[in-house]
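S.K.: All chains should be built: construct the whole structure from the sequences, respecting the hints.
If you read the protein sequences in the order shown, they are chains A and B. For what it's worth, this note's numbering labels the leading residue of the first sequence as 25, then goes sequentially. For what it's worth, this note's numbering labels the leading residue of the second sequence as 25, then goes sequentially.
Some clues are possibly wrong.
Copies of one chain are not kept apart here, so a pair can be met inside one copy or by any two copies together.
[Claimed, not checked] Simulated crosslink set (BS3-like; lysine-lysine; CA at most 27 Å straight-line): (1) K259 <-> K357; (2) K29 <-> K138; (3) K29 <-> K61; (4) K339 <-> K292; (5) K357 <-> K287; (6) K357 <-> K292; (7) K357 <-> K61; (8) K138 <-> K65; (9) K138 <-> K61; (10) K58 <-> K29; (11) K201 <-> K292.
Derived by calculation from the structure, the hints in this document are not laboratory data.
2 protein chains.
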Amino acid sequence: MPTIKDVALRAGVSRSTVSRVMNNQPYVDEEKRKAVKQAMKELGYLPNSSAQRLRGTETRTIAVLVSRIVNPFFSAIVDAMDEVAAEQSYRLILCNTRGSANQELHFLQLLRTKQVDGLILASLVNDWETIAPYTDYGPIVICNEYPRQSDGVPVVTIDQSKAMYEATVHLLKKGYKQIAYCNPITKTESDAVISPLAQDRYLGFCQAMEEAGMHMYGECLFLGHSLEDGRNIFKQMVCLANRPDAILTGSDEVAAGIIAEAKAAGWKIPDDLAIVGFDNQPHATLIEPELTTIHQPVQEMGRAAMERMLALLRKESPPPLATYLEAPLLARKST
Amino acid sequence: MPTIKDVALRAGVSRSTVSRVMNNQPYVDEEKRKAVKQAMKELGYLPNSSAQRLRGTETRTIAVLVSRIVNPFFSAIVDAMDEVAAEQSYRLILCNTRGSANQELHFLQLLRTKQVDGLILASLVNDWETIAPYTDYGPIVICNEYPRQSDGVPVVTIDQSKAMYEATVHLLKKGYKQIAYCNPITKTESDAVISPLAQDRYLGFCQAMEEAGMHMYGECLFLGHSLEDGRNIFKQMVCLANRPDAILTGSDEVAAGIIAEAKAAGWKIPDDLAIVGFDNQPHATLIEPELTTIHQPVQEMGRAAMERMLALLRKESPPPLATYLEAPLLARKST
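M.R.: Here it is as structure tokens:
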């Protein structure tokens, strides 16, 4: 396999000139730059990291597990991770688990069989006891969803309880009385798992309701995470004896589905029904009325998770174990 | 490395029982199933495909190049590709080129260095002469964007000219006179490339305008592909001496950006300005007014492209070279 030295010899320049050209640095004579590029092409020279990969020392590949890449929250988080990874010449294997515990375990094998250098869990369906043994095979970072105990694995997320508490207080202050709640559940083929993230959000909701002396009704609890789920939730709400006057959802997609159906049925928002989303996805300000929602700092979350991963791969001083980013409520016209 | 035989011996069952457990088949005694799982765990047994990978015969990995994973069109096409790939135990490396010709070439190295079994181009920035040599290293499939000549490489796309022709005729029939046009340009760091896809759409537009004896004005030509671009386009339009009464865009994101700004400026849609999107993304029916757009069959495109790839990898009879899927206009309330 040709080396920098071979390229330098063929191009008739110094080795440092070759490395300046490779790294796109300034102050290289244009003729020399051309000669180096030509020599690299003729020799079939591979930059260092590729050559290293061929020698099998590392894959420069990181697996990222998400439950649904078509959810704008996940495509944005993957985009942010990819941006940080690319700066250090790492690539991502996209692991779209579709909420399946089996698929999640299938992708964890990538770490065990050394097909990736590290693995980031942006979704998490299995119990931590099932995941934990894989930490023996390489670095794992957790982002967004999280377990109760992470055995030294870095976690990057938001304070879910606080975010939902603030959203609930916002509705209570506005005078809404019959507040419905939608748990952000990913229905797997086996059963619906209430993750710690979903539990914590629900706790924030219950705490605010309790403090205000408000009652919760079982019939006002819904499950869902997609646009279609939102549409169905509205249809269920219409049939209730005591109709909710507001609903808290776990995703802007669910909220958008509810709004679309409610408007189609002639309901006025927020007069007949107030709606709170979660995420602050790009469409939150495009729909009408603009959606009150919790802003998830998705860029920062994705970047921070990947930075933790790169720190682990460089075997530097260990990154912080738990990172809770701010997730403010953005009050708009749907409440 | 342990084999099925080792697992069978340790679990005290037959080899066929082990393989039935591995493939989740019915009619296996629950005790035996547990014994097999336990034996697999204790021996560190890897299912066949992983073991094959470790022997280096294949990577079971396919690279997919997209320009922006946060564009719902691309996340949907990747999702569809992933679904087909997963059925055959293939994984995707997500290659987010951000419209950079350099990044595109960087990812093509994955094929050359045998780090992936095949590569699908859902975005394409470089000239075909630059890409073509990589077909020596493994199968390539083209999807969405395409070159004028593809030298035997399968292409899956829609008839771009026809789609834009029909959208233009729709506006003309509605009586719009001053029709603006936005080219779906990905601005790279170097320059704005007008791809064959963008050229063909523009041809469809020009043909319909010519047939109707309508004039095109240079000042009514815009560039852009994102929500933000759409917002900026509206601001430019406002300043024109002859304001357009309709605009054709190359993406629902651009259309949504224009609608958001137009409404904020007090314009009535479609009375003051008619808007046509492209793609039929999920938010097209959520915004107000609902967006007239061209439905890109993104599920079918993604699936067909991956099926072509799997056929090439199986070295079966060659898949069809050019596939043009139907992309009907969906007339809604924005026109």
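S.K.: Does each hint hold? Answer for all of them.
M.R.: Verification of the supplied hints:
When the C-alpha separation of K259 and K357 is checked against a cutoff of 27 Å, the pair qualifies both within a copy, at 22 Å, and between copies, at 24 Å. For the identical chains of this complex, K29 and K138 are inter-copy neighbours only, at 24 Å across copies versus 31 Å inside a copy, given an alpha-carbon limit of 27 Å. In the homo-oligomer, the alpha carbons of K29 and K61 lie at most 27 Å apart inside one protomer (14 Å), although the nearest pairing across protomers, at 52 Å, exceeds that limit. For a Cα distance limit of 27 Å, the shortest separation of K339 from K292 qualifies neither inside one copy, at 56 Å, nor across copies, at 58 Å.
Both within a single protomer and between protomers do K357 and K287 lie at most 27 Å apart by alpha-carbon distance, with minima of 14 Å and 15 Å respectively. Proximity of K357 to K292 under the C-alpha cut-off of 27 Å is found in both arrangements, the shortest distances being 12 Å within a copy and 20 Å between copies. For the homomeric pair K357 and K61, neither the shortest alpha-carbon distance inside one copy (57 Å) nor that between copies (54 Å) is at most 27 Å. In this assembly of identical chains, the alpha carbons of K138 and K65 lie at most 27 Å apart only when taken from different copies (18 Å versus 31 Å within one copy).
Taking the shortest Cα distances, K138 and K61 sit within 27 Å of each other only across copies (22 Å), while inside one copy they are farther apart (33 Å). In this assembly of identical chains, K58 and K29 lie within 27 Å of each other by CA distance solely inside one copy; the values are 17 Å within and 57 Å between copies. Proximity of K201 and K292 under a CA criterion of 27 Å is satisfied intra-copy only: 17 Å inside one chain copy versus 36 Å between copies.
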